[in-house]
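**Student:** Put chain B with the ligand on the given structure of chain A with help from the hints.
Each chain, letter by letter, is given below.
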Amino acid sequence: MITAERKPMEELTEYVKNHDRILLVGCNECVTVCAAGGRKEVALLASALQMDAMQKGKTLDITEITLERQCDPEYIEELTPHIDQVDAVMSMACGCGVQEIARRFKNTPVFPAVNTKFMGASERQGVWAERCQGCGSCLLGLTGGICPIARCAKRLLNGPCGGSSNGKCEINPDLDCAWQLIWDRLKALGMEKQYEEIIPAKNWVSGRGGGPRKIIREDLAE
Amino acid sequence: MKSESVLEKVLVSGQLAVTSECGPPRGAVPEIIKEKAELLKDYADAVNVTDNQTAMVRMSSFAACVFLKQMGLNPILQMVTRDRNRLAMQSDILGAYAHGIDTMLCLSGDHPHFGDHPEAINVHDLDSIQLIQMVKTMRDEGKFQGGADILNPPKMFIGAAANPFADPFELRVARLSKKINAGVDFIQTQCIYNIDKFEKWMKGVTDRGLHKKVYILAGITPMKSAGMARYMKNKVPGMDVPDEIIKRIADVPQKKQADEGIKICIETIQRLKEVEGVSGFHIMAIEWEQKVPEIIEQAGLLPRPVV
Ligand code: SF4
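The listed protein sequences correspond, in order, to chains A and B.
Yeah, the first sequence ends on 222 if you go by the working numbering, and it's all consecutive.
Yeah, the second sequence ends on 307 if you go by the working numbering, and it's all consecutive.
Please keep in mind that the hints were generated in silico from the structure rather than gathered at the bench.
The structure displayed is predicted, hence computed values, not measured ones.
Don't take every hint at face value.
Distance condition first, Cα-Cα at most 25 angstroms in a straight line; then the derived BS3-like pairs of lysine-lysine [said to hold, decoys possible]:
1. K168(A) x K233(B)
2. K2(B) x K197(B)
3. K202(A) x K143(B)
4. K69(B) x K155(B)
5. K17(A) x K106(A)
6. K187(A) x K197(B)
7. K34(B) x K2(B)
8. K233(B) x K193(A)
9. K263(B) x K41(B)
10. K178(B) x K193(A)
11. K193(A) x K213(B)
From chain A, some residues computed to sit far from chain B (all C-beta separations above 12 angstroms) [what the hints assert, rightly or not]:
12. D52
13. A153
14. N158
15. Q180
Note that CB positions come from ideal geometry on N, CA and C, so glycine has one too.
Just chain A, with the same shape it has in the complex (with noise of 0.2 angstroms):
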């Protein structure tokens, strides 16, 4: 999934401080399994900016909706109705959604109320780590099913590094090397022969190197 974080308060009342009546929508799909911007997190976040308001001695409307998916123009139409009784709108959803509602609202002022983070996994109650960069030509089955782009500091195709040590990697003692976890698994599954062959230099092109990226599925697209 997507993961994100709530930004710090303070950068939020600021981007609302000239605004008297906005719509704060949550999203149903990754935010709300990584508890940073669900239909809960609308909640508490709409009474803080309100409490916040208050203090301030202004008066602060706010709108909650949170839609089943804000990355998709269909569910974007379900905030038409309210658009127009308000002067800006708060997004909790990550950047995909924030932009779709750009896309779809040219006169409203949208502002992110998370920094989207990684793409990652949960490894246990409340611990998300990242796991996927996007590259674009995956590369898993030839390293254990450990991605080294995501996953080592260095990125490191052939790794480990001189710096690896006890399983962990040279920046942050708290981190997995990834090239530990490569190397034990290729172990495991007796593919140790798999370590010797060179992942030859990576064409970035599938990734970011080749520009903002789309997928035309000619057999859906209308």
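**Tutor:** Chain B with the ligand alone, transformed into the frame defined by chain A:
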């Protein structure tokens, strides 16, 4: 011969090679690099010039290499994949070779986290093994990484690092083998304090016959004090300093600790000379270059061969 490199000639002649290291200054001060170079001039066959070592900005390795070259030394251009993509690296290699620099060391580099620009992004378009492959393709096939032909291809003698002390230990021989398959010609190892562990690694290397495919220069760094030894042990990633070494230095009076450090170095070199597969020594005296001549002399590595 793959190149015109003096280091290659010394190694091919079968004599123990000696390389040393010189860190460029944190400013546009040619005098500093020239002073260091002057100290090392007649003592090392070639001198590494570091590339933003420990992720701190310094004069570029390339520019500092040119000063060394002008003074008649044989610089080794260090290149980390942290700061530049494949275009920038290849253009620097062309520039360096055009200035007569014919030996390089390919590294991935310390993470910016350790340096003075922790907010910088680390590039790593390539890793060190892919950099080796690229330099070899430039030399042997006369082609850029992107496939186009190079006018007057740079003939680099290609080096890389190896750290026998990092984890997982069992992988470290295989990793060397990968660098050899990528096309590396010589290796400079991490500083050796744990000789037993180094010998164990070398045994793995010779068992696979890898010492016949690559020249291995053993890394040596003198300790100035017990404080430095403790710092190296605890703070420098991938460094293995056994407690006996720290104790040995700590047990002599403060004033004598530097001498003890030098003594340990010389003993280490003497012992490693006997280890099968060791083709020479890489002596790195970090900001202590003035000690390099006496280490080389006392270790019986003089005179340097004329090739
Ligand atoms: S210690 Fe491991 S994860 Fe960290 S940079 Fe080195 S190889 Fe990558």
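**Student:** Would you mind marking each hint as holding or not holding in the structure?
**Tutor:** Hints, one by one, checked against the model:
no. : hint              : result
1   : K168(A) x K233(B) : holds, 16 angstroms
2   : K2(B) x K197(B)   : violated, 32 angstroms
3   : K202(A) x K143(B) : holds, 17 angstroms
4   : K69(B) x K155(B)  : holds, 16 angstroms
5   : K17(A) x K106(A)  : holds, 21 angstroms
6   : K187(A) x K197(B) : holds, 22 angstroms
7   : K34(B) x K2(B)    : violated, 29 angstroms
8   : K233(B) x K193(A) : violated, 33 angstroms
9   : K263(B) x K41(B)  : holds, 22 angstroms
10  : K178(B) x K193(A) : holds, 11 angstroms
11  : K193(A) x K213(B) : holds, 20 angstroms
12  : D52               : holds, 30 angstroms
13  : A153              : violated, 6 angstroms
14  : N158              : violated, 4 angstroms
15  : Q180              : violated, 6 angstroms
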